[in-house]
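Each chain, written out:
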Amino acid sequence: MFPKPIEKSSAGVRTAYKAMLPVALLIWLMPLLAIMVFSVKPGADFTTGNYWGIPSSFNLFENYGKVFFESDMPRYLLNSLLITVPTVIGCMILSAMTGFALGIYRFRSNLWIFFMFVAGNFVPFQILMVPVRDLTLDMGLYNTIAGLVLFHVAFQTGFCTLFMRNFIRALPFPLIEAARVEGVAEWRIFLYVVLPLMKPALAAMAVLIFTFIWNDFFWAIVLTQGVETQPVTAGITSFNAQYRAAYHLMSAGSIVAALPPVLMFFLMQKHFIAGLTLGAVK
Amino acid sequence: MKPKKKKNTKTLKGRYSMRSILKATVASLGLLSLATTGALADAHGEKLTGTLKISSDMSNPAPRAVMEGMVERFGEMHPDLDIELTVTDREAWKTQIRNVLSANPPDVANWYAANRMRPYVDAGLFMDISDVWEDESMEALASTKGAMTLDGKQWGVPYTYYQWGVYYRKDIYEELGLEEPKTFEEMKANCQKILDAGKKCYTIGTKFLWTAGGWFDYLNMRTNGYQFHADLMAGKHDWDSPEVRQTFANWRELLDMGAFIDNHTSYSWQESLPFLVSGDAAAILKGNFAVAPLREAGLDDDKLDFYQFPAIDEDIELAEDAPTDTFHIPAGAENPEAAKAFLRFVVSADNQTLINNGDNLGQLPVNANSSVDDDKFLKEGFEMLSSNSPGGVAQFFDRDAPAEMAKVGMEGLQEFMVKPDNLDKILARLDKAAKRIYDK
Amino acid sequence: MTNPVAVPQTTAERPRSWYKRNEIALTPWLFLIPGVLFFLVYVIFPIFQSISISFTEWDGLGQAEPVGLENYRELFDDDAFYTSLRNNIIWLFLYLLAIPAGLFIALFLNQTVFGIRLYKSLFFFPFVISQVVVGLVFSWFYDPTFGLFNEIIGWFGLGPVNVLGDERYVTYGIIAAGIWPQTAYCMILYLTGLNAVDPEQVEAARLDGAKGWRMLWYVIIPQLKPATFIAFVVTIIGALRSFDLISIMTNGGPFGESRVLSFYMFEVALSEYGFRMGYGAAIAVILFLIMMIFITYFLWSMYREERGR
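Chains as they are written, first to last, in my numbering: chain A, 804 to 1085; chain B, 41 to 480; chain C, 7 to 315.
Don't read these hints as lab results, they were simulated from the structure. Please note that the accuracy of each hint is not assured.
Said to hold, decoys possible - Heads up, simulated DSS-like pairs for lysine-lysine below, C-alpha to C-alpha not over 27 Å straight-line:
#	chain 1	residue 1	chain 2	residue 2
1	B	K416	B	K343
2	C	K126	A	K821
3	A	K811	C	K26
4	A	K821	A	K1073
5	C	K231	A	K807
6	A	K1002	C	K126
7	C	K126	A	K1073
8	B	K276	B	K185
9	A	K1073	C	K231
10	B	K416	B	K210
11	A	K807	C	K217
12	A	K811	C	K126
13	A	K1002	A	K1073
14	B	K185	B	K210
15	B	K210	B	K419
16	B	K210	B	K343
17	A	K821	C	K217
18	B	K276	B	K416
19	B	K233	B	K222
20	B	K459	B	K475
21	A	K807	C	K126
Sequences are here, hints too, so could you generate the full structure?
Below, the structure written as structure tokens:
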């Protein structure tokens, strides 16, 4: 193990290390802690210049109450959910299939199709912006949740295919050969042999895609506008306009907007990290 | 997946003022309110049906309440009409409008008068509503007709305009023994005393650029007169000219004194107000819309006062900025009949009196038959514009110049405020941009 | 073509249908069709469409008017383009600092004391926060009046510095905000990598007297190569995609000094002042070409690896 395990060091070093951990964490999360403090302050503290002192009153419920009951935030959160969940499902279906095709079968263009997905996944959004916006307009899907979902599904299929294909490659191939020898149809191999084995990968991918899509801002402002369709990342700017210079409410709003993926992460931590680090080890 | 048609009448009660989406279907109230609201007697009596989609940029608290109030009252008059109101952040709207008009046009949209309409008129995105202006009742709006006219046609209606000028802390001026300045010399002398007292003369937030345009407008109109300014905005003068350089030289005097608050590039105009409220800065050059939030923050009429931007050159007639905010009907509107009725409602004398009073927008009505609210700032502003602005009335930097030029220009102004030594570079850049933009 | 779902499972004994005979060759294509179709329509074709739009002048509404290389000619004479390009390069290089920073934190946290798992998660979680919120958080952090940043440098007698309003610091300020979550990402890659470091090799090296930096450099880092490769890929992509932070924190300002190509492109093509789709597309093409250098390198690395299998 590297670096040297701390247990093998002297008691002094051990204590110092344990003391340093919370300090380091505090520094690391400082910008975030700052807005958490802001979000429970009363507005009066900002006009009186009491930015960093003890809050003159504890306004947690009042501030967050405003966010939830007196703004469009709940609607934006709902939109985010309506965009994110179908995207995740769509990506899982498409990429399970493409990953299966590219991971199991050997045919001449296999690698090229795979590379197309990988390369496409890396392109800058801006090169797609004008044509995708046009396409969405032509289909009458501009400013609809469906329009945004379709694009996200298509684009994320690139990443998901990479992910799935590499995972399927690592599955024991003899399993599939055994099934073929039994005369099992290929689509049944997919459904009953490979798919169950893909469960952990699908879970990991779902959590990742959820986070990616939830946090998308660029496509939200390119393809949607207004409170009926925009997800929370885009809605937060309208929210902030409503409460400009009311830092306690903007802080509370930001925290609310950031929370769902954070919760997702803490609940599904194992899958999340497994997904992110796939390929980091060989 | 279109969740649009869903009725949402509940929001009308209680918390509607915070909602940005209102579907005002107030059928039960309809008859009753029609009887009480005389304002729309001239609404041609037509029965409006279908959906009226309104995209508004009136996102600050006071304007937002006004917009929602108008929707509510109009909805009461036309019970069979569904009104969908979407309020977008005012700064964000500037970047979204084009997208919205071309991709998903509402029936009514907010914008600004004069040259700022030009790109959308040229692109065929605004509807020609000259027929609305032919109506007799529109004669009361004659003074604003010019600002709504391009290529001999009218492209929208105004709903408000407001004076610009210097809003200052009366109590601080009194404390320091200062008078409202009448000349640039006095203005600078005042400023020096304010600086000596450890305060800044002017607060400003240039993050969204346009506030710097206000300063340039006034300095340039006072230095070179209205006509030169108008011609410069229309691309008929070079930026790198002795006249414009003189304007910047005057500005530079203020900059070198340290008249403006530090770090203004980080603030929006709203975020620059607290400096005035706390007394760290003594004044702000701004439109009358600043009064509402300043009052809200606790500056009553004993503490806040107004003066006209002083003369720089005695021989040059005073001219003012008085921007007009507008409503338009996008070319792709699906319910133009209802949209036109809404526009007529907006400019009607009663509605104009109501929405522009001191409790609402706190601005000036566009209809000559309306009354200006009995509010110190409104009265002063109205008088200034009608009797003490002989040179002319400009819209505003970003409404008089073409949009692209305004963007490059205001970026240059912001840069000048921070790095006045870059003036040569800035002027050269503006002339280069102007060449491309105006020659098109 | 027969729908595979319709094939009864007992076909094995019957005379084999055309589909059945070619099943292994056909199945992958059937499985690929939906995904590939989607991807072609939304990703691959648009790239070529953008390239062709970049040779036209188009306001997004009427007819696109071909202008040849005019957009590119204008681009190369556009100060804002060079500012954006310069900032893109600064972004690329400084963003890479997230990799050593992530490694450093990973080494710091790679222990087994009580509660370390929680520490690791808390160090990591900035990564899952949207860039929009990170941008807001950092713009308040940097605020010249009440920001914690100035408060802190004030303790050392420095400042106040108007990070986001000063053209000298603004890009660095935004990059610092971007590096924060990116470092967390690199950290988690390295933590996983460190877990898989071969303990025998480490022990062997220890016996040979290697420790500290030498151990890290000659024994550990070579073993972390897969993690480093991924960290490199995601960091480069992240750097070139920097849009959200700039849009939220400065809107490109002050006076356009914090623009990068991705932001400038959006400004030109979709903002009030723009709708110059052709010009915007030209900027996007340049950005794409820069990205293409890296994409080619990644694909080439992957290709070699595939061959190696």
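* Taking 27 Å as the top limit, are the C-alpha atoms of K231 (chain C) and K807 (chain A) close enough? -> Roughly 20 Å between the alpha carbons, so the hint for K231 (chain C) and K807 (chain A) holds.
* To do: Assess, step by step, whether the Cα of K807 (chain A) is no farther than 27 Å from the Cα of K217 (chain C), and give holds or violated.
  => holds (9 Å)
* Take the C-alpha atoms of K233 (chain B) and K222 (chain B), compute the straight-line distance between them, and say whether it is at most 27 Å. => OK: K233 (chain B) and K222 (chain B) at ~16 Å, within 27 Å.
* Given the hint that K821 (chain A) pairs with K1073 (chain A), test it: the Cα-Cα distance must not exceed 27 Å. => Distance of about 24 Å is within 27 Å: holds.
* Is K459 (chain B) close enough to K475 (chain B), meaning Cα to Cα at most 27 Å? -> The hint holds at about 24 Å.
* When you check the alpha-carbon spacing of K1073 (chain A) and K231 (chain C), does it fall within 27 Å? -> Holds. K1073 (chain A) to K231 (chain C) sits at ~23 Å (cutoff 27 Å).
* Quick one, are K210 (chain B) and K419 (chain B) close enough, alpha carbons at most 27 Å? -> Holds, because 17 Å separates the two Cα atoms, which is no more than 27 Å.
* Proposed proximity, K126 (chain C) with K811 (chain A) (alpha carbon, max 27 Å) -> The hint holds at about 21 Å.
* **Pair hint K210 (chain B) and K343 (chain B), alpha-carbon separation not exceeding 27 Å** => holds (5 Å)
* To do: With a cut-off of 27 Å on the C-alpha distance, tell me whether K1002 (chain A) and K126 (chain C) pass.
  => Since the Cα atoms of K1002 (chain A) and K126 (chain C) sit roughly 25 Å apart, the hinted pair holds (cutoff 27 Å).
* Pair hint outcome, K276 (chain B) versus K416 (chain B) [Cα-Cα no greater than 27 Å] -> violated (38 Å)
* Distance restraint between K811 (chain A) and K26 (chain C), which requires alpha-carbon spacing of 27 Å or less -> Measuring from Cα to Cα gives roughly 64 Å; hence the hint is violated.
Consistency with the previously given hints fails for numbers 3, 14, 18, ordered from lowest to highest.
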